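Enquirer: Could you build the full structure based on these sequences and the hints that come with them?
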Amino acid sequence: MKRYQAHILICSGTACESQESREMIEKFHQELKKADLHEEIQIVKTGCFGFCEKGPIVKIHPDHVFYVEVKPQDVEEIVKEHIIKGRRVERLLYEEPTLQKKIEEQEKISFYHKQLRIALRNCGFINPENIEEYIGEDGYLALGKVLTEMTPEEVINIVKDSGLRGRGGGGFPTGYKWELTYRNKNDLKFVICNADEGDPGAFMDRSILEGDPHSVLEAMAITGYAIGAEKGYIYIRAEYPLAIERLNIAIEQARDYGVLGEKIFDSDFNFDIELKYGAGAFVCGEETALINSVEGGRGEPNAKPPFPAESGLWDKPTCVNNVETFANIPPIILKGPAWFSRVGTKDSKGTKVFALAGKVNNVGLVEVPMGITLREIIYDIGGGIRENKGFKAVQTGGPSGGCIPEKYLDTPIDYETLKEIGSMMGSGGMIVMDEENCMVNIAKFYLEFTEDESCGKCTPCRIGNKRLHEILIRITNGRGTEVDLESLQSLGEMVKESSLCGLGQSSPNPVLSTLKYFAEEYREHVVNRKCPAGVCSMGKKKTAAVPKQ
Amino acid sequence: MKQIKSLEELKRIRDNANQGLNIRKAEEEKHIKLKVGMATCGIAAGARETFNTLFETIEKKGLKDVYLVQVGCMGYCHDEPMVQVNVPGESPILYGKVDKEKAKEIIEKHVEKGELLQDSIISKSFHKE
Numbered sequence: 001m002k003r004y005q006a007h008i009l010i011c012s013g014t015a016c017e018s019q020e021s022r023e024m025i026e027k028f029h030q031e032l033k034k035a036d037l038h039e040e041i042q043i044v045k046t047g048c049f050g051f052c053e054k055g056p057i058v059k060i061h062p063d064h065v066f067y068v069e070v071k072p073q074d075v076e077e078i079v080k081e082h083i084i085k086g087r088r089v090e091r092l093l094y095e096e097p098t099l100q101k102k103i104e105e106q107e108k109i110s111f112y113h114k115q116l117r118i119a120l121r122n123c124g125f126i127n128p129e130n131i132e133e134y135i136g137e138d139g140y141l142a143l144g145k146v147l148t149e150m151t152p153e154e155v156i157n158i159v160k161d162s163g164l165r166g167r168g169g170g171g172f173p174t175g176y177k178w179e180l181t182y183r184n185k186n187d188l189k190f191v192i193c194n195a196d197e198g199d200p201g202a203f204m205d206r207s208i209l210e211g212d213p214h215s216v217l218e219a220m221a222i223t224g225y226a227i228g229a230e231k232g233y234i235y236i237r238a239e240y241p242l243a244i245e246r247l248n249i250a251i252e253q254a255r256d257y258g259v260l261g262e263k264i265f266d267s268d269f270n271f272d273i274e275l276k277y278g279a280g281a282f283v284c285g286e287e288t289a290l291i292n293s294v295e296g297g298r299g300e301p302n303a304k305p306p307f308p309a310e311s312g313l314w315d316k317p318t319c320v321n322n323v324e325t326f327a328n329i330p331p332i333i334l335k336g337p338a339w340f341s342r343v344g345t346k347d348s349k350g351t352k353v354f355a356l357a358g359k360v361n362n363v364g365l366v367e368v369p370m371g372i373t374l375r376e377i378i379y380d381i382g383g384g385i386r387e388n389k390g391f392k393a394v395q396t397g398g399p400s401g402g403c404i405p406e407k408y409l410d411t412p413i414d415y416e417t418l419k420e421i422g423s424m425m426g427s428g429g430m431i432v433m434d435e436e437n438c439m440v441n442i443a444k445f446y447l448e449f450t451e452d453e454s455c456g457k458c459t460p461c462r463i464g465n466k467r468l469h470e471i472l473i474r475i476t477n478g479r480g481t482e483v484d485l486e487s488l489q490s491l492g493e494m495v496k497e498s499s500l501c502g503l504g505q506s507s508p509n510p511v512l513s514t515l516k517y518f519a520e521e522y523r524e525h526v527v528n529r530k531c532p533a534g535v536c537s538m539g540k541k542k543t544a545a546v547p548k549q
Numbered sequence: 001m002k003q004i005k006s007l008e009e010l011k012r013i014r015d016n017a018n019q020g021l022n023i024r025k026a027e028e029e030k031h032i033k034l035k036v037g038m039a040t041c042g043i044a045a046g047a048r049e050t051f052n053t054l055f056e057t058i059e060k061k062g063l064k065d066v067y068l069v070q071v072g073c074m075g076y077c078h079d080e081p082m083v084q085v086n087v088p089g090e091s092p093i094l095y096g097k098v099d100k101e102k103a104k105e106i107i108e109k110h111v112e113k114g115e116l117l118q119d120s121i122i123s124k125s126f127h128k129e
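In the order they appear, the protein sequences are chains A and B.
If you use the numbering used here, the first sequence corresponds to residues 1 to 549, in order.
If you use the numbering used here, the second sequence corresponds to residues 1 to 129, in order.
Warning: the hint list may mix true and false statements.
Heads up, simulated DSS-like pairs for lysine-lysine below, C-alpha to C-alpha not over 25 angstroms straight-line [stated by the list, open to error]: (1) A/101 to A/389; (2) A/2 to B/100; (3) A/108 to B/33.
Stretch by stretch, here's where chain A covers chain B in the computed footprint (C-beta under 8 angstroms, at least three residues) [stated by the list, open to error]: (4) 13-19; (5) 54-67; (6) 70-78.
Residues on chain A that point at chain B, a partial pick, calculated with CB under 8 angstroms [what the hints assert, rightly or not]: (7) 62; (8) 85; (9) 148.
Because the hints were derived from the structure by calculation, they are not lab data.
Values in this document were obtained by computation on a predicted structure and should not be read as measured data.
Cβ coordinates follow ideal geometry from the N, Cα and C atoms, glycine included.
Expert: This is the structure:
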């Protein structure tokens, strides 16, 4: 690989690309050419840096200077000042709001300070469209090691010992899932990567696929070897065009380099990967519905058992893992299970990526060790609530999760503790709400979503969610009664207990958790017909001014 | 492209690619940093040639963990071109009037062997942020 005296890294994730980072890359090429430096300085487009709030990001090495909110018209100045004269462009440096001080280096910014990046290790560091950069960061070394030195049982044991659990939401132990699929003997088995990231607000899987697609390909091949499968599918939603583009490039390159295809590393192992596009149905993130969709059927879940590990795609044993789960596999193989399991809590090991959104200063993607508190995520990394307003609740786990009030801000979070306080890890969406959000209205928003996305196969979910939504509409329109509050509770519990799949089993969580923690706000709506946050219309129609005749 | 058929081949590609990527790593403790003053005064005094010589010498010798950084005016314009050598764990050394020959010498003596070029040092222990 050619060496350059400086590298200019430009974020090309979806968020930054939508803010003209593509034009900036073009502009940098032009400006460097003008200065006759294009042979000496390399321009690298990278995946997401995670700090989407301040995008587009431009990072310059070896100075390690981190520029934020860069626009195409700033490019000329960066080249003239920074590249040619070596002077920082002060106005583009990030200013830490609490310190009111400009900060040059990415690692010193508080947003990055408490993060620990395992799944996102290469995002914002390598060029996702160049397999050699991935290989340069020990890429495909884990696959090589597995194929030349280890038996499938040894691979499964490493993953089991690491304590890695499914990052898509359920939190099922990954190694155990692999073992189940491995034990079911069959002539054909499949590996599926679940990239149907359906939670509103969650975008970690997309960012991994855009920023480091090879890590997922490598992990799928490792899984294939461990369970005895030669074919993998990535089920990805068609709304992710950039991720699809980069995956296709990555698969092509991996085949060229022989790390996908036949007799990989001169072993007897063959593996290839194909993309399957989803049409954007939330329920297809559920593994049995996903499998039906891959087969070309309706995206409806099946009753479990049989689990996909016994009878999945085309009734063959199938291992379905989420993108983020896969991204953790290569470092676990290379660095060993003990390295991974030293991070995290007793039952939840490693890190989790959260998509931080809502009324928080630093919106973005953060990867933190399990066991960190919500307060650390929201205040230290997220920089606190916007405009210094008061914190009200944080919603985790998307439409399947619940709203967590202030008193639990210091709970160390992992799969179990979040469940205990009425929410769940889910895929890692994290939406922060301030005092101006009405919790009844929030619950209504999520129920509208689940009512829409319910596939309609089982009655509790199809009708139960609709009724829950109707009651919430009534309350926010000022026509609710105290009986409605009781119905919400009993109906919510019923839907949760009797639904067929994860969608219905978790969809009442936003209602039940807000009923529990914000009961007073609900009572205010039905007894005094008032919305304390001033969000709900309470039946008052906005009067349009009628022109006088 | 020839297909990778062994761990050794993979590692060869990795090591080659890794050298190109090292520049992006922030572990400051490990790196020797050479800062070249490239403000107007520096450039006028020939800092560009100094910089290029340093770059070529590092490249030719294939030195790892040695990085060149362009910096602004160091404020001591009459001794330009200036090169500051930051060796991890040691106080920074500032050299003045570094021409092509001296640039080579800095790499060969200071960076590779740890010998200081006593005659060219302007300052040894100033405050470094």
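Enquirer: With reference to the structure, classify each hint as holding or not holding.
Expert: Going down the list of hints, with the structure as the test:
1. A/101 to A/389: 22 angstroms, holds
2. A/2 to B/100: At roughly 24 angstroms apart (the allowed maximum being 25 angstroms), residue 100 of chain B and residue 2 of chain A satisfy the hint.
3. A/108 to B/33: Given that 25 angstroms is the threshold and the Cα spacing comes to 19 angstroms, the pair holds.
4. 13-19: Per the Cβ count (6), the hint holds.
5. 54-67: holds (count 3)
6. 70-78: holds (count 3)
7. 62: 4 angstroms, holds
8. 85: 6 angstroms, holds
9. 148: 6 angstroms, holds
Going down the numbered hints, you'll see the structure goes against none, and every one checks out.
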